[in-house]
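**Q** The residues making up each chain are set out below.
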Amino acid sequence: MSGETLLEVATLGKRFGGFVALNGVDLRVAAGERVGLIGPNGSGKSTLVNCIAGALRNDTGSVRFAGRRIDGLSGHRRARLGLARSFQLPRPFRSLSVADNIRIPLLYAAADRGRDHHDGAAIARRIDELLDLVGLRAKGGRAPRELTQVEMRKLELARAIAAEPKLLIADEAMAGLSHSEVDEVLALLLRLNERGIAIIMIEHILHAVVSFSQRLAVLVAGVKIADGPPRDVVRNPDVERAYLGE
Amino acid sequence: MNITFELLANSLLAGLLLGGFYAALSAGATIAFGLLEIVNIAHPTFAVIGAYAVYLLNRHLHLDPLLGGLVLTPIFYLIGTILYRVYHFAFERRSEDAMQGLAFFFGLMFIVEVGLIMIFGVDFRYVTTDYITTTWQIGELSVPLRLAVPFVGSLALLAVLEIGLKRSFTGRAIIAVAEDPLALRLMSASPVKIKRIAFGVAIATTAFVGALLVIIQPLQPASGREFIGRVFAICVLGGMGSISGTLIAAVFLGLVENMTSIFLGASWSPAVAFGFLLITLAVRPRGLLGR
Amino acid sequence: MRFHLLLILAAALVYGAARAIGLDYVFFAGYIVLQYVALATAWNILGGYTGYMNFGVSAFFALGAYTTVALDKAFGLPLPVMMLAGGIVSGLVGLGMGYLTMRLKGIFFAIATFALAVVAETFITNWDYVGGSSGAYIIRPVKGPLYGTYIEYLFLLMLVVVVVSLAIARWLERSRLGYGLAAIRDDEVAAEATGVPTLGLKLIATTISGALMGVAGAPLPFYITFFDPSAGFNLAYAINSIAMAMIGGTASWVGPLVGAVLLATVQQVATVTISSEINLLLVGGLLVLFVVLAPNGIVGLVQGRWRWRR
Numbered sequence: 001m002s003g004e005t006l007l008e009v010a011t012l013g014k015r016f017g018g019f020v021a022l023n024g025v026d027l028r029v030a031a032g033e034r035v036g037l038i039g040p041n042g043s044g045k046s047t048l049v050n051c052i053a054g055a056l057r058n059d060t061g062s063v064r065f066a067g068r069r070i071d072g073l074s075g076h077r078r079a080r081l082g083l084a085r086s087f088q089l090p091r092p093f094r095s096l097s098v099a100d101n102i103r104i105p106l107l108y109a110a111a112d113r114g115r116d117h118h119d120g121a122a123i124a125r126r127i128d129e130l131l132d133l134v135g136l137r138a139k140g141g142r143a144p145r146e147l148t149q150v151e152m153r154k155l156e157l158a159r160a161i162a163a164e165p166k167l168l169i170a171d172e173a174m175a176g177l178s179h180s181e182v183d184e185v186l187a188l189l190l191r192l193n194e195r196g197i198a199i200i201m202i203e204h205i206l207h208a209v210v211s212f213s214q215r216l217a218v219l220v221a222g223v224k225i226a227d228g229p230p231r232d233v234v235r236n237p238d239v240e241r242a243y244l245g246e
Numbered sequence: 247m248n249i250t251f252e253l254l255a256n257s258l259l260a261g262l263l264l265g266g267f268y269a270a271l272s273a274g275a276t277i278a279f280g281l282l283e284i285v286n287i288a289h290p291t292f293a294v295i296g297a298y299a300v301y302l303l304n305r306h307l308h309l310d311p312l313l314g315g316l317v318l319t320p321i322f323y324l325i326g327t328i329l330y331r332v333y334h335f336a337f338e339r340r341s342e343d344a345m346q347g348l349a350f351f352f353g354l355m356f357i358v359e360v361g362l363i364m365i366f367g368v369d370f371r372y373v374t375t376d377y378i379t380t381t382w383q384i385g386e387l388s389v390p391l392r393l394a395v396p397f398v399g400s401l402a403l404l405a406v407l408e409i410g411l412k413r414s415f416t417g418r419a420i421i422a423v424a425e426d427p428l429a430l431r432l433m434s435a436s437p438v439k440i441k442r443i444a445f446g447v448a449i450a451t452t453a454f455v456g457a458l459l460v461i462i463q464p465l466q467p468a469s470g471r472e473f474i475g476r477v478f479a480i481c482v483l484g485g486m487g488s489i490s491g492t493l494i495a496a497v498f499l500g501l502v503e504n505m506t507s508i509f510l511g512a513s514w515s516p517a518v519a520f521g522f523l524l525i526t527l528a529v530r531p532r533g534l535l536g537r
Numbered sequence: 538m539r540f541h542l543l544l545i546l547a548a549a550l551v552y553g554a555a556r557a558i559g560l561d562y563v564f565f566a567g568y569i570v571l572q573y574v575a576l577a578t579a580w581n582i583l584g585g586y587t588g589y590m591n592f593g594v595s596a597f598f599a600l601g602a603y604t605t606v607a608l609d610k611a612f613g614l615p616l617p618v619m620m621l622a623g624g625i626v627s628g629l630v631g632l633g634m635g636y637l638t639m640r641l642k643g644i645f646f647a648i649a650t651f652a653l654a655v656v657a658e659t660f661i662t663n664w665d666y667v668g669g670s671s672g673a674y675i676i677r678p679v680k681g682p683l684y685g686t687y688i689e690y691l692f693l694l695m696l697v698v699v700v701v702s703l704a705i706a707r708w709l710e711r712s713r714l715g716y717g718l719a720a721i722r723d724d725e726v727a728a729e730a731t732g733v734p735t736l737g738l739k740l741i742a743t744t745i746s747g748a749l750m751g752v753a754g755a756p757l758p759f760y761i762t763f764f765d766p767s768a769g770f771n772l773a774y775a776i777n778s779i780a781m782a783m784i785g786g787t788a789s790w791v792g793p794l795v796g797a798v799l800l801a802t803v804q805q806v807a808t809v810t811i812s813s814e815i816n817l818l819l820v821g822g823l824l825v826l827f828v829v830l831a832p833n834g835i836v837g838l839v840q841g842r843w844r845w846r847r
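So the sequences go chain by chain: A, B and C. Residue 28 in the working numbering is what sits at position 28 of the first sequence, and the numbering runs on without skipping anything. Residue 376 in the working numbering is what sits at position 130 of the second sequence, and the numbering runs on without skipping anything. Residue 558 in the working numbering is what sits at position 21 of the third sequence, and the numbering runs on without skipping anything.
Derived from the structure by calculation, the hints contain no laboratory data. Keep in mind that the hints are not guaranteed to be accurate.
Stretches of chain A that chain C covers, calculated by requiring three or more beta carbons in the stretch to come under 8 Å of a beta carbon on chain C [what the hints assert, rightly or not]: (1) 4–15; (2) 79–86; (3) 89–97; (4) 101–112; (5) 210–224.
Ideal Cβ positions, reconstructed from N, Cα and C, are used throughout, including at glycine.
Produce the complete structure using the sequences and hints provided.
**A** If you want it as C-alpha cells, here you go:
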C-alpha cells in the first residue's frame, strides 16, 4: 500500500434548496487504503458518495482523483477513470441476466483500462471469474429478480468490481444481512483490497466497519466531525454523543 | 393590422376567460399526473365524452349543460374508480416502466375517439341554452357569456377541489399519498384506496368540464386533441399537483395564446402552448424520480 | 453475414410474390405495410431498446416527406437521393431533439416529443414554399425508372428501407451499443455509474431512430401525390408505430416486424371491408389489450414469460 493520494475531497459543499446537505467536507483516501465512513441517517453520507461518483454535482469545493480534478466530469467518465460505486439499494439491470449485468461495466467502465471490448472470449472468461469471485456462477443465466437479498448485494458489488476500479465505494453493502452474510461480504472486500483496490466502506454495522477500516471518518449533519484510527474515533466523545448514543 | 385598445382589451379578456377553462380542464389532470403519477394522456378526451353526454342530455331532455355536467359527475367518478382498478392491476402492481401505462391511455384515447366518431359522426354538435349567444357590453369590453359562464363554473370547480384537498381528511390523504405512502399506511388509510378515490375525482371533474367545453365551442370527436399539449404544459408550469398553480399557469397560457393570435396570427397559436411546454421542461427538468 | 443473406433472400421472395400476383393493389397495400415495418422498427430503437417513448413520430416521418417535396420542387432529384436527404434531415432533427430533451425521462420525455411534433407541424404549415396549409401536388410518373409501374418502384424502395432497418435493429441489439442502450433502459443511473455514456448513446439512438423514420416518410408524397400537413403530421403514425412495436414485442427486432405486418395487414383489410375509421379503433383496442394482458408482446408470449439476452 502506497501513501500516494488517490482521492482528495476538499471543502465539498452541496445544498438542496435551503437545506445544506454537505458543509465543507474534506476527505482523503490513499491508494489501496481502507476507509470507513459512518454517520447517522441524514448526515449526508449518500450525498457525499453521489458527489464523489458524479451522480450529483457539488456546489462548492473540489474532488480530485489520481491527481486530476473530476468534479466537472459526468458519472460515466469517473467510472472509466477507475472510480466505482455500489448502490445502497441494489440497482440491477432488470431485463438482463446476471452475467450480462456484469458484462456492462466490462464493455464500458473497464474499456479504458486494457479491457478489449471486442474480445468476446476474454469477456466471457472475465464474467465467469467475477461470478466465481462472488459465488454467483451457478446463477449467471438467471434474472436479477430471482436472486436473494444477499445475492443481489453480491451482484451489485461484482458489477462495481468489473469496472476494474482503483477506488470502490461500497454504500451500505451489508445492510439487512445476517451475521454470516456480513462476514462473507467483509471477506470479499478484504480480498479486493489485497489486490490494491482502495475501498470506502459506508456502513451502519459498527463492528464490521471498525474491524475493516484502517481509518474511520464520521459525518454528522453534513460536517465531518472525526477522522482517524477506528479505535480512537469510536472513543471520541463527540462521536459518541452524535452517533453511538442513538 | 390596427391594434386598438379595444382589440387588446377584449383579447386579454378572452384569454383570461379561456384560461379559467383551461385550468378546470387541467385540474383533474394535475391530480392524476401530479399527485398520483398516472399519465392519463386521454384526460381531455374524457372531457369530450362528458361533453357529448351533456349534449345528449341537453338535446333530448333540454337539460342545461351545467346541470347535466353535475348530474353526470357521480357516474364519471365511478368510471374513474373502475379505470383505476384496471390500471392498478395491470401496471402499478407490476411496477413496470411508465411506458406501458402511457401506451394504455394512448390506446384508450383512440378507442374513445373512434367510438365517438362511429356513434356521433364528425359533424359539429352544439348545445342550446338561453345565454350561449348573449354578449354583455361593459364599456369597450365585450363579454361573451359562452366564455364567461364557463369561467365562473371553472372557478367554482377549482374552489371545490382546493377546499376538498386541503380541508377534508380524504383530500389531505390524497396529498399525503403523493408524498409519503408509508406514513399513510401507518395512519390506517390504504394508499391504494386513496389513489382510487383520487383518480375517481380526477375523472369526475371531466363531466362538468365537458359541459363547460361544449358551451364554449362546437363539439366534435377529436376536440380533445388540441388540449393535450395545453393541459400538460399547465400541469408542469403550475407545479404538479397544485390547484392554485394550475389556475395561474392556465390563465397565463390563455393570455399568451390570445396575444400570439393577435400579433402573429392564429396559425401560430398551437405552437404557443407547446413552445411553453418545451421551455418549461428544459428549464425545470424533472424525471419521475424527481419527486 | 448469413442473417443478412437470409434477409435479402426473404425480401426478394416478397418482391417476387408481389410481382407474381401482378395486381397494382398489392404494391399499393404492400407499400403501406412495409412503411409501418420501417416505422415500428425505427421507433423501437428508441422505445424498446432504450426505454424512451417517442410520441412525435409524425414529425420525423413528415419532415422526411417534406424534404422530398422541397427538393423535388427545387431540383427534381432522383427519389433515392431525396430519401437519403430525408433521412439526414430527420436524423439531425432527432439529434436536436435528443439534445433538447436530454434531462427528461419517462412521461416528460414523451410529452416533449409530442410538443415537438406540434411545433414542427406549425412551422411547416406556415412555410409556403412547400404549400403551407394548402398542400402541394407531386406528379407521380406512370412508369418506374427501371421497368414496371412507378408504384412497383416505390414498393421496391420501401422494401430496401425495411431490409436496412431490420439489419440495423438486429445489429444494434447484439452490439456493445445495444447493451449500453439496454442498461439505460433498465436503470439509467446505474448505467452511468457502470461507465455507460448515457447522453451520447441516447443521442445516437434518437438520431438513428429519427433518420430511419425520415427515410420511411420520404417517398410518401409520390405515393399519395397530394401532400398537405395533415398527411404527414398525423397522430395516427404515433399510435401505429407504438402499437405495432409493443404488440409485436419490444425486446427484439422481430417484434416490430411481426406487429407491423399483422396490424398493418389487418388495417388494410378492414379499410376495404368495413371502414377506414375502424383501423384506429382496432389499433387502440389491441394496444390496450396487449399492454394489460401481454406486455411482452407476441414475441414475448411465444418465448415464455421472461426474456433475456443469450
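**Q** State for each hint whether it applies.
**A** Quick rundown of the hints versus the structure:
As drawn, the stretch 4–15 of chain A meets chain C at 0 residues by the rule of a beta-carbon pair under 8 Å; below three, the given contact is violated. Given a C-beta distance limit of less than 8 Å, the hint that chain C covers the stretch 79–86 of chain A holds, as 4 residues qualify and 3 suffice. Beta-carbon proximity to chain C at under 8 Å applies to 7 residues in the stretch 89–97 of chain A; the threshold of 3 is reached and the given coverage holds. For the stretch 101–112 of chain A, the proposed coverage by chain C is satisfied: 8 residues have a C-beta within less than 8 Å of a C-beta in that chain, meeting the threshold of three.
Coverage of the stretch 210–224 of chain A by chain C is violated [criterion: at least 3 residues with CB-CB distance below 8 Å; count 0].
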